[in-house]
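Protein chains: 2
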Amino acid sequence: MSEYSQSQSVGIVAPQTARFSEPLALRSGAFLADYELVYETYGTLNADRSNAILICHALNASHHVAGTYADEPDNVGWWDNMVGPGKPVDTNRFFVVGVNNLGSCFGSSGPLSINPATGKAWGADFPLVTVEDWVDAQARLADHLGIAKFCAVMGGSLGGMQALCWSIRYPSRVAHALVIAAAPNLSAQNIAFNEVARQAILSDPQFSDGHFSEKGEKPRLGLRVARMIGHITYISDEQMAEKFGRQLREGLKFSFAPEFQIESYLRYQGDKFAEYYDANTYLRVTKALDYFDPAAEHGGSLAKALAPASAKFLVVSFTTDWRFSPERSREIVKALIDNRRDVAYAEIAAPNGHDAFLLEDPRYLATVRAYLNRAMS
Amino acid sequence: MSEYSQSQSVGIVAPQTARFSEPLALRSGAFLADYELVYETYGTLNADRSNAILICHALNASHHVAGTYADEPDNVGWWDNMVGPGKPVDTNRFFVVGVNNLGSCFGSSGPLSINPATGKAWGADFPLVTVEDWVDAQARLADHLGIAKFCAVMGGSLGGMQALCWSIRYPSRVAHALVIAAAPNLSAQNIAFNEVARQAILSDPQFSDGHFSEKGEKPRLGLRVARMIGHITYISDEQMAEKFGRQLREGLKFSFAPEFQIESYLRYQGDKFAEYYDANTYLRVTKALDYFDPAAEHGGSLAKALAPASAKFLVVSFTTDWRFSPERSREIVKALIDNRRDVAYAEIAAPNGHDAFLLEDPRYLATVRAYLNRAMS
Numbered sequence: 011m012s013e014y015s016q017s018q019s020v021g022i023v024a025p026q027t028a029r030f031s032e033p034l035a036l037r038s039g040a041f042l043a044d045y046e047l048v049y050e051t052y053g054t055l056n057a058d059r060s061n062a063i064l065i066c067h068a069l070n071a072s073h074h075v076a077g078t079y080a081d082e083p084d085n086v087g088w089w090d091n092m093v094g095p096g097k098p099v100d101t102n103r104f105f106v107v108g109v110n111n112l113g114s115c116f117g118s119s120g121p122l123s124i125n126p127a128t129g130k131a132w133g134a135d136f137p138l139v140t141v142e143d144w145v146d147a148q149a150r151l152a153d154h155l156g157i158a159k160f161c162a163v164m165g166g167s168l169g170g171m172q173a174l175c176w177s178i179r180y181p182s183r184v185a186h187a188l189v190i191a192a193a194p195n196l197s198a199q200n201i202a203f204n205e206v207a208r209q210a211i212l213s214d215p216q217f218s219d220g221h222f223s224e225k226g227e228k229p230r231l232g233l234r235v236a237r238m239i240g241h242i243t244y245i246s247d248e249q250m251a252e253k254f255g256r257q258l259r260e261g262l263k264f265s266f267a268p269e270f271q272i273e274s275y276l277r278y279q280g281d282k283f284a285e286y287y288d289a290n291t292y293l294r295v296t297k298a299l300d301y302f303d304p305a306a307e308h309g310g311s312l313a314k315a316l317a318p319a320s321a322k323f324l325v326v327s328f329t330t331d332w333r334f335s336p337e338r339s340r341e342i343v344k345a346l347i348d349n350r351r352d353v354a355y356a357e358i359a360a361p362n363g364h365d366a367f368l369l370e371d372p373r374y375l376a377t378v379r380a381y382l383n384r385a386m387s
Numbered sequence: 011m012s013e014y015s016q017s018q019s020v021g022i023v024a025p026q027t028a029r030f031s032e033p034l035a036l037r038s039g040a041f042l043a044d045y046e047l048v049y050e051t052y053g054t055l056n057a058d059r060s061n062a063i064l065i066c067h068a069l070n071a072s073h074h075v076a077g078t079y080a081d082e083p084d085n086v087g088w089w090d091n092m093v094g095p096g097k098p099v100d101t102n103r104f105f106v107v108g109v110n111n112l113g114s115c116f117g118s119s120g121p122l123s124i125n126p127a128t129g130k131a132w133g134a135d136f137p138l139v140t141v142e143d144w145v146d147a148q149a150r151l152a153d154h155l156g157i158a159k160f161c162a163v164m165g166g167s168l169g170g171m172q173a174l175c176w177s178i179r180y181p182s183r184v185a186h187a188l189v190i191a192a193a194p195n196l197s198a199q200n201i202a203f204n205e206v207a208r209q210a211i212l213s214d215p216q217f218s219d220g221h222f223s224e225k226g227e228k229p230r231l232g233l234r235v236a237r238m239i240g241h242i243t244y245i246s247d248e249q250m251a252e253k254f255g256r257q258l259r260e261g262l263k264f265s266f267a268p269e270f271q272i273e274s275y276l277r278y279q280g281d282k283f284a285e286y287y288d289a290n291t292y293l294r295v296t297k298a299l300d301y302f303d304p305a306a307e308h309g310g311s312l313a314k315a316l317a318p319a320s321a322k323f324l325v326v327s328f329t330t331d332w333r334f335s336p337e338r339s340r341e342i343v344k345a346l347i348d349n350r351r352d353v354a355y356a357e358i359a360a361p362n363g364h365d366a367f368l369l370e371d372p373r374y375l376a377t378v379r380a381y382l383n384r385a386m387s
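Protein chains in written order, with this note's numbering: chain W, 11 to 387; chain V, 11 to 387.
Worth flagging that the hints you see were computed from the coordinates, not collected in a lab. Glycine included, C-beta positions come from ideal geometry on N, C-alpha and C. Treat the hints with care, as some may be off.
Stated by the list, open to error - Derived list of chain W stretches under chain V, where covered just means 3 residues or more per stretch with a C-beta under 8 Å from a C-beta of chain V:
{"id": "1", "stretch": "191–202"}
{"id": "2", "stretch": "225–235"}
{"id": "3", "stretch": "346–358"}
Said to hold, decoys possible - Here are the simulated DSSO-like cross-link-like pairs (lysine-lysine), alpha carbons at most 27 Å apart as the crow flies:
{"id": "4", "chain 1": "V", "residue 1": "K130", "chain 2": "W", "residue 2": "K314"}
{"id": "5", "chain 1": "V", "residue 1": "K130", "chain 2": "W", "residue 2": "K263"}
{"id": "6", "chain 1": "V", "residue 1": "K282", "chain 2": "V", "residue 2": "K253"}
{"id": "7", "chain 1": "W", "residue 1": "K263", "chain 2": "V", "residue 2": "K314"}
{"id": "8", "chain 1": "W", "residue 1": "K253", "chain 2": "W", "residue 2": "K263"}
{"id": "9", "chain 1": "V", "residue 1": "K314", "chain 2": "W", "residue 2": "K344"}
{"id": "10", "chain 1": "V", "residue 1": "K314", "chain 2": "W", "residue 2": "K253"}
{"id": "11", "chain 1": "V", "residue 1": "K314", "chain 2": "W", "residue 2": "K130"}
As the list claims (entries may be wrong) - Computed from the model, here is a short list of chain W residues facing chain V with C-beta under 10 Å:
{"id": "12", "residue": "R37"}
{"id": "13", "residue": "S38"}
{"id": "14", "residue": "P137"}
{"id": "15", "residue": "T140"}
{"id": "16", "residue": "L276"}
{"id": "17", "residue": "N383"}
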């Protein structure tokens with residue numbers, strides 16, 4: 011029996027809300043007078059409050075990292091294969107915190123929330139938030155929870171960028187940073203894909219300059235196209251070839267109905283996303299990605315940017331990830347080594363592209379497990 | 011003085027129109043009762059009619075391959091660096107034919123043409139056409155011009171697919187096929203990008219199910235997003251990084267106005283394209299790309315598909331082309347070698363991605379020049 015088969019779910023969980031009334035200064039120069047963060051916790055904070063792990067989410071995810079809800083048994087947390095009793099982030103040992111980022115659409119203050127100044131939904135008036143802003147807000151949540159220092163801050167993709175940002179911005183509050191399938195900044199091509207996705211949303215007449223909810227509308231078609239574009243970059247060319255190839259659904263139709271399986275798959279992904287995601291949030295999260303660039307303030311030197319970091323690091327990349335390729339992770343590793351920091355690096359041979367960080371891969375999960383075991387020993 | 015500096019333009023050219031009244035059976039099962047093809051020629055057909063070269067165009071190009079127009083001196087043909095007096099396709103020696111494909115929007119019968127059955131523009135009612143249909147129509151143009159056999163049929167990208175198709179479909183009419191920056195079919199990822207581009211157009215309310223011209227409208231926003239998506243795949247990640255990187259226009263604005271240079275560039279490309287290109291054509295041309303797959307009728311064996319071909323081949327790929335990578339060109343080379351065909355293969359180290367086939371690259375141009383010199387010697 012493998013160790014995984016003994017793993018269990020954290021079971022039924024419930025989100026909590028923390029309200030903050032001290033204004034938050036945003037990187038853009040704007041302020042949020044007050045705001046709420048929705049979060050979940052799993053496991054128990056130990057007596058010396060030294061076993062807390064913060065999980066940061068990527069583009070479309072949320073605070074719901076593990077477990078299910080009593081009234082939604084099929085709504086399983088997005089990193090349930092990583093977090094739970096006996097799992098790599100073992101909730102029998104760790105107190106795990108998942109938090110929905112500011113500006114998101116799953117409960118924390120964002121475009122869907124009521125703007126106290128107007129009594130209406132913020133919509134397009136919600137300020138642009140950055141990775142730094144998210145991390146600052148998460149630090150206040152840590153204060154609220156009585157966590158002076160996280161044993162680990164971790165995340166994949168944009169979540170990994172937050173872990174990296176934590177290590178720079180709050181070095182004394184992070185013992186270990188786990189930066190998975192991330193990059194020190196977006197390449198021109200990464201920005202290009204984000205920009206096309208944004209244009210798809212902004213071009214949708216139902217976007218109404220971001221005030222669609224007041225009209226009872228939603229830019230579903232724009233969101234759908236945006237998600238389809240993004241989705242292509244999440245999976246590898248080779249996995250698409252293997253999973254879909256040139257397979258047809260029912261032969262050629264010589265029409266614009268879906269003919270190839272890959273077309274149906276992308277439409278399905280786009281439709282699903284357009285139902286549950288908010289367009290203003292999508293615009294903001296892609297901007298946060300574009301803006302993230304800790305080296306920029308240091309003449310382009312990532313080593314200088316990482317000089318304040320005192321955490322120990324695990325950096326993980328996946329061989330077929332072409333969104334944030336292993337080369338980008340190695341830039342982070344190089345900059346940490348230049349600073350003589352303690353860094354472990356794993357390049358996982360996985361066929362799944364960027365999505366690999368969310369998937370069940372024994373070598374990947376074992377790497378995280380072993381790292382955290384060592385960190386706590 | 012290099013040989014290139016002695017090259018000249020073919021000068022002022024004028025398109026011609028050929029009308030065909032014999033119905034054309036399309037691969038979809040539909041027929042075109044009659045149709046027109048717009049074409050240009052450069053150079054002089056020799057006495058034994060053995061020096062004709064057909065140039066096939068890619069997605070957004072046309073019959074206007076070289077030279078300029080008297081009333082549009084800045085409208086230079088799309089392959090003017092390749093075709094002209096003293097150029098690799100030397101119009102002092104060759105009679106060169108450029109033809110606008112059926113279903114396109116530059117003069118040949120297509121969605122913008124009048125449907126004789128209704129007296130109105132075809133719009134969305136123009137049938138879906140395939141690479142095979144284009145080649146069949148081009149063969150009739152060859153008949154019209156009295157060309158029994160082309161010295162060469164050549165093209166880049168989708169144009170290279172037409173050259174490949176010619177070699178299979180009309181083996182006795184092609185002495186040489188030059189297949190540049192092409193692939194034997196589209197990968198799932200290629201189809202995925204095409205599908206997202208199509209969805210951007212189909213989602214634009216001004217598309218009006220393809221009957222926008224009757225309403226005096228145009229789905230510019232959809233076309234713009236479609237072109238932006240396509241454009242990302244035409245240039246290499248490394249070239250984007252070198253040309254644009256993370257350069258800002260005027261600092262961060264914390265808004266959705268263009269901030270990074272790459273954003274401005276893509277918007278500019280998208281806007282330009284949306285002005286001159288037709289949405290129904292874009293949909294059809296991407297479908298023609300998706301459908302092209304000569305191996306499909308032969309159990310997936312490209313070697314079997316190419317068995318009828320008797321032409322000699324030049325296959326060219328570019329190292330940083332990730333749309334149609336060198337690996338895809340090598341599949342063609344392998345299938346030709348399996349058939350013991352005469353094939354030369356050049357893999358050009360170029361930083362420009364897929365677009366390299368249109369650009370001034372001395373090694374690339376010298377390769378085509380040398381091949382054609384040998385072919386005619």
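Hint check results:
1. Requiring three or more residues with a Cβ within less than 8 Å of a Cβ of chain V, the coverage given for the stretch 191–202 of chain W holds, as 7 such residues are present.
2. Evaluation of the coverage hint for the stretch 225–235 of chain W: fulfilled, as 4 residues show C-beta separations to chain V shorter than 8 Å, against a requirement of three.
3. Evaluation of the coverage hint for the stretch 346–358 of chain W: breached, as 0 residues show C-beta separations to chain V shorter than 8 Å, against a requirement of three.
4. About 66 Å separates the Cα atoms of K130/V and K314/W, which puts this hinted pair outside 27 Å; it is violated.
5. With a CA separation close to 25 Å, the supplied pair K130/V and K263/W stays within the 27 Å bound.
6. Simply put, K282/V and K253/V have alpha-carbon atoms about 20 Å apart, close enough for the 27 Å limit, and the pair holds.
7. For the suggested pair K263/W and K314/V, the alpha carbons sit about 25 Å apart, so the restraint of at most 27 Å is met.
8. Taken as a hint, the K253/W and K263/W pair is honoured in the structure, with Cα atoms around 22 Å apart against an allowance of 27 Å.
9. Note on K314/V and K344/W: the hinted pairing is violated, with a Cα-Cα distance of about 50 Å set against a maximum of 27 Å.
10. Taking the CA atoms of K314/V and K253/W, the gap is about 25 Å. The hint holds against a cut of 27 Å.
11. Pair hint K314/V plus K130/W does not hold up; C-alpha atoms about 66 Å apart against a cutoff of 27 Å.
12. Given hint, R37/W at the interface with chain V, holds; its Cβ is 8 Å from that chain's nearest Cβ, closer than 10 Å.
13. Given hint, S38/W at the interface with chain V, holds; its Cβ is 4 Å from that chain's nearest Cβ, closer than 10 Å.
14. Interface restraint check: P137/W against chain V, minimum CB-CB distance 8 Å, threshold 10 Å, status holds.
15. Given the 10 Å rule on beta carbons, the hint for T140/W holds: about 8 Å separates it from the nearest Cβ of chain V.
16. A distance limit of 10 Å between C-beta atoms decides the matter here; for L276/W the minimum to chain V is near 6 Å, and the interface restraint holds.
17. Against a cut-off of 10 Å between C-beta atoms, the interface hint on N383/W is violated, since the closest Cβ of chain V lies about 37 Å away.
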